[in-house]
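**Q** So the chains spell out like this:
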Amino acid sequence: MTSRRDFLRNSIYSASAAALMNPANLLAGPDKPPKRFIFMHRGNGLWPKVLVPPSFDKTRMAKESQKKPYEVDLDGHDLPDWMSPLAQHVNHLTILQGLSGKMCTTGHHSWCSSLGVFKANERVSSIKWATVDFELAKLFPSPVEHIELACFPLEGGNSRGALDGIATGFSARGMHQPNYAFGSPRVALTELFKSVSADASAQDRYQLDRMLLKFAAVNEQERSVGLAEPERSKITNYRDAIEAVQSRNRKIDGMAERIRQHVPKLDPKYLDANVSTLDRQLGHTEILLASLISGLTNVVAFTVDELGHAYTGIPGIEGEKVNMHDVGHNKAIGGLSATEIRKRCRQHHMSLIERIVTRLKSVPEGNGSMFDNTMLFYFPDSGETHHSHGTEYPFIVLAGDNCQLDLGRRYIRLPKYGEAGHKTLGNWYTTILNAYGNPVEHYGSLDVGLSHLDQKGPIKPFLT
Amino acid sequence: MKSTTLLGACFVVSLVSVAMANETEGLRPLTTELRSIIASRCLDCHGADSAEGNVRLDNLEAITLPAQLDLLNRVYDQLFFNLMPPGNDPQSRDQEHSLLSQWIRQELLRLNASKFDDKLRYPGNGNLVDHELLFSGRVQDKAYSPARRWLVSPQIFHQRVIDVFEMDERDRKLYSHSKKKFYGVTNPFLLPERSGVRYFDLDSLDGGHLLVLLDNAKWIAEKQIHAARVKNQELKPGEFVNGKDRWAPNTTPRQFEEIILGDNVPTDTSINAAIEAQFRLVLGRQPSPDEFASYLSLTRDAIEVGGTTNGLRQMLIAVLLESEFYYRQEFGAGKPDVHGRFMLSPREASYAIAYAIGDRGPDEQLKLAAEQGRLNTRQDFRREVTRLLNDDTYFRGQIDPALNGSHYQSNETSHPRLVRFFREFFGYPLALRVFKDSSRSEGRYANPKRGTLGTPGWLVVEADRIVTRHVENDRDVFENLLTFDEFYVYHDKDNATGRKVIDQWRSVYERLKNTPWQTSPEEVLEANLEFLKSVPAMQIKDTSRPGELVNFMHYFEESFGQGRTPFTTVPWAHGYTFHHAPFYNLPPTPRINRYGSWRSTKYIADLEPVTFWDYPTDQPFPIDHRKGILTHPAWLIAHSSNFHTDPIRRGRWIREKLLAGRVPDVPITVDAQLPDDAHRTLRQRVDSVTTDSQCWKCHRQMNPLGYPFEIYDDFGRFRKEEPLESPEHLLQSGNGKTSFNVYETGPIDARGELSGTNDPALDGEVSDALEMIDRLAQSQQVRQSIIRHAFRFFMGRNEMLSDSQTLIDADQAYVQSGGSFKAVVLSLLTSDSFLYRKSHL
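Chains as they are written, first to last, in my numbering: chain A, 1 to 464; chain B, 1001 to 1841.
Hints listed in this document are in silico derivations from the structure and should not be mistaken for laboratory results.
For every residue, glycine included, the Cβ atom is placed at its ideal position computed from N, Cα and C.
Misleading hints may appear alongside valid ones.
To be verified - Listed next, the stretches of chain A that the computed footprint assigns to chain B, with coverage defined by at least 3 CB atoms under 8 Å from CB atoms of chain B:
id, stretch
1, 164-170
2, 241-249
As the list claims (entries may be wrong) - In silico lysine-lysine, DSSO-like type, Cα no more than 27 Å apart, as pairs:
id, chain 1, residue 1, chain 2, residue 2
3, B, Lys1737, A, Lys321
4, B, Lys1541, B, Lys1513
5, A, Lys128, B, Lys1119
6, A, Lys35, A, Lys265
7, B, Lys1737, A, Lys331
8, B, Lys1231, B, Lys1181
9, B, Lys1115, A, Lys128
10, B, Lys1500, B, Lys1513
11, A, Lys138, A, Lys119
12, A, Lys331, A, Lys343
13, B, Lys1236, A, Lys269
14, A, Lys35, A, Lys460
15, A, Lys460, A, Lys68
16, B, Lys1180, A, Lys269
17, B, Lys1119, A, Lys119
18, A, Lys49, A, Lys416
19, A, Lys321, B, Lys1180
20, B, Lys1737, A, Lys343
21, B, Lys1541, B, Lys1602
22, A, Lys119, B, Lys1115
23, A, Lys321, B, Lys1181
So that you can see chain A by itself, here it is in the shape it has in the complex:
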């Protein structure tokens, strides 16, 4: 009899994550490549000051402290220490400062706000529309449409999910439609790559699952006959969901060979229920890469951490379970200052980004690499600090050569909140959507405190 453990062992080998994937398999599909987007967001705020390259001269530093607009080519500048993993990718790096998001829920928890640009809360009814990542996923369809990975908080605030389960995420598929995220590399691997398991028993299970869904869909279809609204939708929503999974499975079946080449090969420690936070993030990163490279999806949202997450595995204090709320309140833990803990976490995030960019650059696509068609955004889900007000949402952007925005290799500080020319998250996402084919006039809610400014539309200088 094959146990689930055997199944996992047989299907993904026991190779270390560091062994990565066989470069011979790293060949993307032959068709016109889609554009890909990675939204990597984190909790507890991101201090704008830590993104400033230390090699800036006094004039720039003065502008920085006064939050005056300016722009610098990053060539020849040192990145802040914690960003050192990105040094080799500086040509594709943009540090974007000065965006505001006061129309979002800020403070400790933001729910869908920073991706949807509206005041969200834990209630589904607060979700006004699809978040920007889902809007982009619609422009570049894929079998799984969108994948969300998360290091969930344990309690309170944003989505509360089992760390090793599937629960409400930070993205939204549409109005009143929260998305669901995979909480661990294990559950993501099991769900996303089950169709191509090499194990015969697992394959039987997959076939049985298909049979089960077909049965359930027919069953629920029969129950909906003759019902009137709103009762009818209580059944048809469920039936439609079952059918959507079936439809997705059919698409995945059609690309089984390609998916099989890219099943992530994770060391068992990344699949353990007690995986440390840093390893969980690394495991998720491998899932993210495999999902993009195999073509399962073109858009991934990745909650790399959240205020309520109990961090483990932080270098130097590996044995500590670090409450990020305490860190937000400047509490030293295990002999490390809160500032240092923040720095070490950020540095790890940068190493994950470096891994993503390097890997995607190694995958040939068209005349270049898969990274040429990829944009990655790293940003805080709640703004500039632990108790944020949304006056600043710093962004680190890595964009390939085919990026349809004019960004590359720059440090950009936009005009300060409230001053002429100031831009919001809504302007930023509108820019991205416009650049990639969604002509929306303005994405997101407006800031009622900026009624004296023309808030709508894209950031025109970024449009090529």
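Since the structure of chain A is already known, use the hints to place chain B on it.
**A** Chain B in isolation, oriented as in the chain A frame:
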């Protein structure tokens, strides 16, 4: 009375209009009278030249239908809340106002485009149905609830999983009363976190649920057959797929086991027996012939693909995926009565009653009553509901197991769901979601963190206790909850035990106070060992801990020695977390660092004197400047912001929860921010941005009701002065840990005005929250408003005008029973609203 005519007329209109819906594609032409009303009352501000707020009514008939409908929906909202024309007296509507409102609503309903009517179904909008009309006795329509599926609550879902595993009472208690969870089951049915009724019948299963439910179903099915698989040697004893998940039932249901252990391909008979068993466990009923056939076919096909065990497992999962497992079914059955209503079938009724009173399905007696035809009449319902309300054990459980931690447990009661109504209605558990800057409370406030719910956890537990006390007493419940003057604080031992501990401690103190315990504790301990061993509260067994004797005597000296009673748990006890007395304005209890470790015999003599709390062992006990749940720190914190009080939110709560009023949502054009101003109190800052005539239209409904609570700060502490927390007013700087900032203060102005009770003797100016609460507790409007919320809680929906008689009966039941909440529940669960169902169309 506000909007009586309007909604009354519209109710009639709505019935007519639904029948006419979609007959006409466009707006009907305006009558001359309506044109004249619009011209005289609206166009000055909303004509071609002015168009205030970007609203024009002069070209209503010239714009597209979607634009017309959007405009009319906006206008209707303004008229309903009497926000237009500006300056209207909110208590009066003239005939022109009503005519225009009626016409707009009629048109919107006719065109199936009324956002207002859609809103009526949603939580928070129940008060849109006119209160006076509901309780007037003028509505003659027969009550019913719409035939419906009602998604199970998180608690019911959990109990249903327990049912699938056929757990005995011991295991059920283990999984119900503690934080113990099923490893592989994620509860996807979270309730929204808000003040007020949280569990409505509106939600539906969707794609997000499906992924979770699939995962759950696979885990449950695997556990169901685990024991049989071990017997069949598919698994070794003690072998689990996941080493972290080593639980499984000891036995597999016989019908499943027979299939797994069978040598041959299972027969149709054995498969059908398994299908029947799984239907009973999961859905609590027999499969229909069609269901037998389809499940048999599925099982056969699955066995062919994956073998016997896998095939059986797929059938088990398929039943677990039936939407019926996740929905409560209430459609009614039999012949309709003359009003087109169907009575709940006996089986439906048994579940409806059980889930109204608790989280578990029907008990054996209720099931039998349903099966034996003894659940067919109102009298039958009355008998069963009365029996279950008097049953002290079947539903017994904790109020909220999520509160349980290493330091405290949620308290138990016979009917936790009845208490849950009040905790949701008052919303005080939301204190757990408000993070505070601890240094602003002199370091006393502990935010929830890993392993503890901190200060708000204690406060919520203590609020639960006092609420439970009044619900259990079941006399004048609403009034008592609003005005109780006795509280539980710390109280970790019952009164008798607490008294005994104090008596024993006092005897030790009296005997040893004149010994050299400060300098020679070892000798004192040795000389008095037999005596100390005879005092159970000292827990001294030998001479190994002289340092603890020093601590005890020091503790006693600072309590008994100064004429006070010490708290009955010593501060050096393991896991001591009692630090929240100051949030009730009570003196603190000492912290552990005052005495040091019991391992040290050093007596710390040079401590700064502190007046510690004279602990009352007999609780509940009175506390000054407090009156009822609205002055409990848990409620006050739950209705505050991170940094300050929230008079607007508190006022809105009073308006909507206690006075059955309704405040429009914040308009999209409003930036709801308080200005920073170092020189003004919060009230003054709120005033500065809400008294403008446009803002005051809504804020007059809230601010005068919220300001009286300014006698408490955002930690729930009574005060007369408010610190002006800005650098300009800093008098003394602290490090935030051992010393704290001290600011200049401004005087508290807690004057407010009670309005909306519809009782001239009660409405009017109030000096503070205590006076306002006294008046609220006397108000009929308040009593009826609570009844309306109870209706929503037990029916899972907002009231309709046709529920009028149900509400009147429940209100009368309360009055005539001397304020029994159980009488309200009995009345609601034997009402037409509960008994009857009617299809939507």
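**Q** All the hints need checking, so say for each whether the structure fits it.
**A** Going down the list of hints, with the structure as the test:
no.: 1; hint: 164-170; result: holds (count 4)
no.: 2; hint: 241-249; result: holds (count 4)
no.: 3; hint: Lys1737/B to Lys321/A; result: holds (22 Å)
no.: 4; hint: Lys1541/B to Lys1513/B; result: holds (20 Å)
no.: 5; hint: Lys128/A to Lys1119/B; result: holds (16 Å)
no.: 6; hint: Lys35/A to Lys265/A; result: holds (25 Å)
no.: 7; hint: Lys1737/B to Lys331/A; result: holds (11 Å)
no.: 8; hint: Lys1231/B to Lys1181/B; result: holds (26 Å)
no.: 9; hint: Lys1115/B to Lys128/A; result: holds (16 Å)
no.: 10; hint: Lys1500/B to Lys1513/B; result: holds (20 Å)
no.: 11; hint: Lys138/A to Lys119/A; result: holds (23 Å)
no.: 12; hint: Lys331/A to Lys343/A; result: holds (14 Å)
no.: 13; hint: Lys1236/B to Lys269/A; result: holds (24 Å)
no.: 14; hint: Lys35/A to Lys460/A; result: holds (21 Å)
no.: 15; hint: Lys460/A to Lys68/A; result: holds (19 Å)
no.: 16; hint: Lys1180/B to Lys269/A; result: holds (26 Å)
no.: 17; hint: Lys1119/B to Lys119/A; result: holds (20 Å)
no.: 18; hint: Lys49/A to Lys416/A; result: holds (14 Å)
no.: 19; hint: Lys321/A to Lys1180/B; result: holds (22 Å)
no.: 20; hint: Lys1737/B to Lys343/A; result: holds (24 Å)
no.: 21; hint: Lys1541/B to Lys1602/B; result: holds (21 Å)
no.: 22; hint: Lys119/A to Lys1115/B; result: holds (21 Å)
no.: 23; hint: Lys321/A to Lys1181/B; result: holds (22 Å)
In this structure, every one of the numbered hints holds.
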